[in-house]
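A.B. asks: Residues per chain, in single letters:
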Amino acid sequence: MNALSRFFRRLEGPQTLGRGPAFWVGFLVVLAGACAYPLFSDGYTVGNTVYFFTWIFMALGLCLIWGYGGSLSFGQTAFFGIAGYSYGILTINFGAAYGFTLVALVFAVAIAALFAALLGYFLFFGRISGVFLGIVTLSVTLVLERFMAQTAGPEWRIGAARLNGFNGMSNMPPLTLPWPGGDIVLFPDVQLYYVVLGLLVVVYLGLRILVNSSFGNILVAIRENPERAEMLGYDIRKYQLGTFVIGAALAGLSGVLYTSWGQYITPSSMGMTAAALPIVWVAVGGRSDLTTTLIGTVTVLAVFQALTIHGSQYALVVMGAMLVVTVLLAPSGLIFALARLVARPFAKRQPGDA
Amino acid sequence: MPLLETRALNKRFGGLHVTNNVDLVLETGEVHCLIGPNGAGKSTLFRLILGEHLPSSGSILFGGEDITAFKSFQRIRRGMSVKFQVPGIFKALSVRQNLEIAMQHHYEPATLAEEIDRLLAFLNLSGDARRLAGNLSHGQKQWLEIGMAISLKPRLLLLDEPTAGMSPEETHATGEMIKRLNADGMTVLAVEHDMAFVRQVADKVTVLHLGKVFAQGSIDDIVADEEVAAIYLGQTTAHATAHQQPGGLHA
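Line by line, the protein sequences give chains F and D.
If you want my numbering, it's the position in the first sequence, counting the first as 1, plus 4.
If you want my numbering, it's the position in the second sequence, counting the first as 1, plus 141.
Here chain F stands alone, though its shape is the one from the complex (with noise of 0.2 Å):
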């Protein structure tokens, strides 16, 4: 029990809304009908659901790098596609066998972490800070998109994956989980379904963990104010590029997660709408709680895709007004201009308190 306690404290802290045994109760419930979810839907849906939990991670990534960090990287697609093509290359050249494809995800996301940390490394130690870290980290994803692109010749191949330029690699081996008896293949919907839904609620147990330690401490005091955290002593570059890593791998993940789930990833993943796209989950949600960012993340897709089964292009043009709004109206995020709207009438205000 004292071991328990433990842990729920370190959860909580300065960094996250939600505390106490009420948002937990309610986390459970919320987790209880996610399990439950898949037995009162079709395939179809569930699979379709599975599509939006995907994107979550980039999401939760980029409110790290973002929200709590304060750097705005306009490049998380970046780590999305170079996590999403090598997980197809690997899987295409070495097959699905032995529950290789979990090694494959393992080493495409760390190639996308390395890639991250090589980028950082120059951005970070470079003291790149502010629009230049957007325009660079933007650069870099429409550079690899336009070079994917033009891949489309047969001299373009790794192994036995074509890269195949715009039109995209395809055919690689969905996720298996080994199991004794015969693999489990993770093809949409259930089984794939409760793989990532476990995943979504270990990183973001993770990341709460992560957010109220210390190390999330010094992440903040950086987004506040950069000089007074290095005069505290702390390099603040090495928590800068750590973060950064943290957060390309998780787009990595989504990368990976999305590939193998549609068996399919292009050039334009990489593209400038879907490298704006990320932006607006997690500006509109809250980007600065990461219970505000999933939530957020989730309303603003599941809008998305009505929107588009309806209107097509015009869908885009809606996100583009929703960020225009968020960022006029409500900066820190709709989650926290609603509850304020909702606890004005009930709060004894100090003056001078927030």
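What the hints contain is simulated information worked out from the structure, not anything from laboratory work.
Since this is a predicted model, take the numbers as computed values, not measurements.
Note that the Cβ used here is the ideal one computed from N, Cα and C, for glycine as well.
Each hint should be verified, as a subset may be incorrect.
[Stated by the list, open to error] Label pairs and their in silico Cβ distance ranges:
1. D:A251 with F:G30: 28 to 34 Å
2. F:A341 with D:R271: 55 to 61 Å
3. F:R348 with D:S200: 56 to 62 Å
[Said to hold, decoys possible] Stretch by stretch, here's where chain F covers chain D in the computed footprint (C-beta under 8 Å, at least three residues):
4. 211-220
5. 226-233
6. 238-250
Starting from the known structure of chain F, arrange chain D on it as the hints suggest.
C.D. replies: Then chain D, alone, in the frame of chain F:
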């Protein structure tokens, strides 16, 4: 051995010679004030000592170690600490969290909360621990930042206009606090305009003018120096040339 020493320190920004051959010696245990008219190069010298600027030539020694090429955070870890002129606090975080961030690597987790409480009491901020730092009054923000600076238990405390924007009462209280910290063994270097404050705390005063050390001595020597009074009144050009030769009171 002096705690801090700058040797023939120079800093040029393009054609502007902002720090001109400055030799400054800070003995362990003293309160040293850096004064001078606007544009004298006080802030630049301060930033050179902190490592925010790197000098064009010359060297900086701290505790006998050459730290000229060190990054700011490395200097802080060697035992420097700084309070900026504009309060450098984490505005969107609580007062308590501000101190926690400053202190978390200097104390065991078990004693951290207790140490934060003690410092909050020292700063007279116990009742404001849960408030956002950005919502404090101006004086309280200054106190909070001084608290963050001294929580590192530095050997050398650097203060950039610590009393800017404070009332005379707050200024006096700040001076008393600095004297108490100094009595506990902290060496202090302060950039300051307020001469009453300088008189209250300083063991030694260095006057900068046009990037050079213009005069150095006790506060009484400095106040008695007519040429120092003259540069503050603006009669600068005639006297600046008169001070080319070293010797006497003038470095």
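A.B. asks: Which numbered hints are broken by the structure, listed smallest first?
C.D. replies: Hint check: 2 fails alone, others pass.
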